[in-house]
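**Student:** This is what each chain is made of:
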Amino acid sequence: MNTQTPADYDDDAPLYEASKKIYPQGVSGTFRRIKWALLFFCLGVYYFLPFVRWDRGPHLPNQAVLVDMPARRFYFFFIEIWPQEVYYLTGLLILAALSLFLMNAVAGRIWCGYLCPQTVWTDLFLQVERFIEGDRRERMQRDAATWSPKTWGLKITKHFVWVMIAWWTGGAWVLYFSDAPTLVRDLATFEAPFVAYLWIGILTFTTYALAGFMREQVCLYMCPWPRIQAALTDADALNVSYRYDRGDPRMSVKQAAKAKAANEPAGDCIDCNQCVAVCPTGVDIRDGAQMGCIQCGLCIDACDTVMTKISRPTGLIGYDTDQAIKAREAGTKPPPVRIIRARTLLYFGVILAVAMTMLYSLATRSLMEIGAIHERTPLFTVLRDGSVRNNYTLRLANKRPEARIFTVAIEGIPKAQAELIGVKPIAGQPLSFEIGPDQTLDVRLLVTAPRGAFEGAKTMIQIKATDAALGDSRVIRENFFGP
Amino acid sequence: MADTTHNTHAELDAVSGQTTTGHSWDGIKELNTPLPRWWLWTFYLTIIWSIGYWVVYPAWPLISSHTTGLFGYSSRAEVAQDLRDLEARRDLQAAVLKTAELEQIRNDPTLLRLAVARGKAAFGDNCAGCHGLGGAGGNTYPNLTDDEWIWGGTLADISTTINHGIRWDQDTNSRMSQMLAFGRTGTLKAAEISTVVEYTRSLAKLDVANGADLAAGAKLFAENCASCHGDQAKGNKELGAPDLTDAIWLYGNSRAAMIETVTNGRGGIMPAWTGRLDPVTIKALTVYVHSLGGGQK
Numbered sequence: 000m001n002t003q004t005p006a007d008y009d010d011d012a013p014l015y016e017a018s019k020k021i022y023p024q025g026v027s028g029t030f031r032r033i034k035w036a037l038l039f040f041c042l043g044v045y046y047f048l049p050f051v052r053w054d055r056g057p058h059l060p061n062q063a064v065l066v067d068m069p070a071r072r073f074y075f076f077f078i079e080i081w082p083q084e085v086y087y088l089t090g091l092l093i094l095a096a097l098s099l100f101l102m103n104a105v106a107g108r109i110w111c112g113y114l115c116p117q118t119v120w121t122d123l124f125l126q127v128e129r130f131i132e133g134d135r136r137e138r139m140q141r142d143a144a145t146w147s148p149k150t151w152g153l154k155i156t157k158h159f160v161w162v163m164i165a166w167w168t169g170g171a172w173v174l175y176f177s178d179a180p181t182l183v184r185d186l187a188t189f190e191a192p193f194v195a196y197l198w199i200g201i202l203t204f205t206t207y208a209l210a211g212f213m214r215e216q217v218c219l220y221m222c223p224w225p226r227i228q229a230a231l232t233d234a235d236a237l238n239v240s241y242r243y244d245r246g247d248p249r250m251s252v253k254q255a256a257k258a259k260a261a262n263e264p265a266g267d268c269i270d271c272n273q274c275v276a277v278c279p280t281g282v283d284i285r286d287g288a289q290m291g292c293i294q295c296g297l298c299i300d301a302c303d304t305v306m307t308k309i310s311r312p313t314g315l316i317g318y319d320t321d322q323a324i325k326a327r328e329a330g331t332k333p334p335p336v337r338i339i340r341a342r343t344l345l346y347f348g349v350i351l352a353v354a355m356t357m358l359y360s361l362a363t364r365s366l367m368e369i370g371a372i373h374e375r376t377p378l379f380t381v382l383r384d385g386s387v388r389n390n391y392t393l394r395l396a397n398k399r400p401e402a403r404i405f406t407v408a409i410e411g412i413p414k415a416q417a418e419l420i421g422v423k424p425i426a427g428q429p430l431s432f433e434i435g436p437d438q439t440l441d442v443r444l445l446v447t448a449p450r451g452a453f454e455g456a457k458t459m460i461q462i463k464a465t466d467a468a469l470g471d472s473r474v475i476r477e478n479f480f481g482p
Numbered sequence: 000m001a002d003t004t005h006n007t008h009a010e011l012d013a014v015s016g017q018t019t020t021g022h023s024w025d026g027i028k029e030l031n032t033p034l035p036r037w038w039l040w041t042f043y044l045t046i047i048w049s050i051g052y053w054v055v056y057p058a059w060p061l062i063s064s065h066t067t068g069l070f071g072y073s074s075r076a077e078v079a080q081d082l083r084d085l086e087a088r089r090d091l092q093a094a095v096l097k098t099a100e101l102e103q104i105r106n107d108p109t110l111l112r113l114a115v116a117r118g119k120a121a122f123g124d125n126c127a128g129c130h131g132l133g134g135a136g137g138n139t140y141p142n143l144t145d146d147e148w149i150w151g152g153t154l155a156d157i158s159t160t161i162n163h164g165i166r167w168d169q170d171t172n173s174r175m176s177q178m179l180a181f182g183r184t185g186t187l188k189a190a191e192i193s194t195v196v197e198y199t200r201s202l203a204k205l206d207v208a209n210g211a212d213l214a215a216g217a218k219l220f221a222e223n224c225a226s227c228h229g230d231q232a233k234g235n236k237e238l239g240a241p242d243l244t245d246a247i248w249l250y251g252n253s254r255a256a257m258i259e260t261v262t263n264g265r266g267g268i269m270p271a272w273t274g275r276l277d278p279v280t281i282k283a284l285t286v287y288v289h290s291l292g293g294g295q296k
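Residue numbers (numbering that gives the first Met the number 0), protein chains in the order written: chain A, 0 to 482; chain B, 0 to 296.
Don't take every hint at face value.
[Stated by the list, open to error] Listed next, the in silico PhoX-like pairs over lysine-lysine satisfying Cα-Cα at most 25 Å (straight line):
#1 253/A x 332/A
#2 119/B x 423/A
#3 423/A x 188/B
#4 204/B x 423/A
[Stated by the list, open to error] Covered stretches of chain A, as calculated for chain B (at least 3 residues, CB under 8 Å):
#5 188-195
#6 383-392
#7 418-428
Calculated directly from the structure, the hints in this document are not laboratory data. Note that beta-carbon positions come from the ideal geometry of N, C-alpha and C, so glycine has one too.
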């Protein structure tokens, strides 16, 4: 470090660092094709999933994926989640986090480079920009020159297309929260609720701003994930790497021929800078693994194209580990690529355990529920003949899409009588009643036990709800208090 | 000692090309890396935004008031509006309850739910002070969840009681009766009171003192008590005279409490609620109290 005198300290330096505009160049190759395929797949799922139908009978919505806020239900094909089952969402988030760990341990920032919405939408926006304004060189020249009417026209066209894509993104978002075909019609006829337009506006703005302008700034400054990567990667993880053992020292084809003739070392990298030109975050992969690299693999495609042109073997940049490159540079045998190792096995094992637990609980969950709240004021009531009554509020849930008949019964105190307030008895059965499809019902339960039928101040009873037609039942244990 | 003197040790960091802030914490130095431009602009925008906020919303305290802002917003006015909206929504429900008969509400689960929700809130505001939150009563206030009703436990009886109160002078339709202060007025002597109390205890199957003259007690009971409480002491709801043979004793069934009752008489008072509460709320209260568990057909 150079020690400066206080006088040299520049207190008037700008408060910000102007972002350097990046002009990523178009590229073709294996990884570009993979990215296109994933882009079409991800956007296709996002835009069209709300229109997929799934029949759930006459009482429930038939949208395959629906977050029904007013009715407090979440539908995902054959799965229906009630608010109290939100732990399935927690489970999904745990799975997502673990999957990110696993991806990172196997091949670095696969998420960042291929799947992250920021990457996918930025990729799409860049392609629109390239299509309208031309490739890197053209765009740089045009931006550097005074804006001509043509430039204005191109820019306006580009921003219009961007806003249209952004608007469609916001439009698709709200379709997940309401019946999609109905909402599309309501939106078109301006009859949709204000909140729908508001959310479309918010998402249009964020998409336009994030994919059109912020781009790599999101990855560099806003996203916490690049920082977490550093803690998750290890020596065995595959990363997009410049193989400096083969590339350095860098020199032109002619210089390399001269050097070889003079029996001096010559690397394969001709310093053409194509890897930097195509990079969507503007980093130089040859500087090694770095925070700004989202590992999308486009530099691999760019380098392979150049290597093919100058008849050198491809793969100067590729998925590799630093320890392998170091070993090759030192002339020793590189360690084998180990995808299966303690770390990946552990992640995979935990993912499997969480997924199986969730599947098991989902497959075996009951489609009826019973809950009871014991009346606290009074805890119990003594009746005229000395018998004792306890009151409870029962909440019963029917999670099936059709109406069912539940029967309530009390066990634990012989001769205890039960009475329900707030239901219409079915077929002369005072403890049987109907509960509508996909609904909950609160009823008041009075349990009366004759004097001497129970001992002590507190007895445990079981309140049982049975659906005789389906043979389904749920039991809850509650206290019965006495004097 | 850590040196935290400002700007005296600003350095150029060779690796990043940035200067340091000049601060040093136990040898750890901080780079003075500039912020990205958008970040700074966002920060400035929030400041500009806050100025707009001062203009349109209440912001600055004055001597005895505050700036009200162009929007004239007030959180208190918002609450008042919310309450008015709530009342309007309740009035819609009230319309259904207004026209329905008590029996009809009691037997229709949907109407019952409405009435119980409304009744429960009204009960908490108006009745719980004496009868307890769940109607448990206690300490000379009747328990409303049991099956002993001094003045009757049908929907109609409960409705009358709530509307007109008990021994409430200001309501001519109030339920009126008075248990005499047999001891205080000299009608019965202390020994006679003890005798009649022992007899009453025998009716209620409570323990009776050894050597108590039950025959004399029976005679005293027939002469003084039976006119209201009945020959069999089963009570009389017309007169608000409780059943003396059951397990429920509003004023206690210890000997001392019973002697106190006979000596000084009893007569709890409940205010009439007609005029204080609107008819729909009283209807809802009636159904709610009836649904607590003790309601009678």
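**Student:** If a hint holds in the structure, say so; if it does not, say that too.
**Tutor:** Evaluation of the provided hints:
| no. | hint | result |
| --- | --- | --- |
| 1 | 253/A x 332/A | violated (31 Å) |
| 2 | 119/B x 423/A | holds (21 Å) |
| 3 | 423/A x 188/B | violated (56 Å) |
| 4 | 204/B x 423/A | violated (39 Å) |
| 5 | 188-195 | violated (count 0) |
| 6 | 383-392 | holds (count 5) |
| 7 | 418-428 | holds (count 4) |
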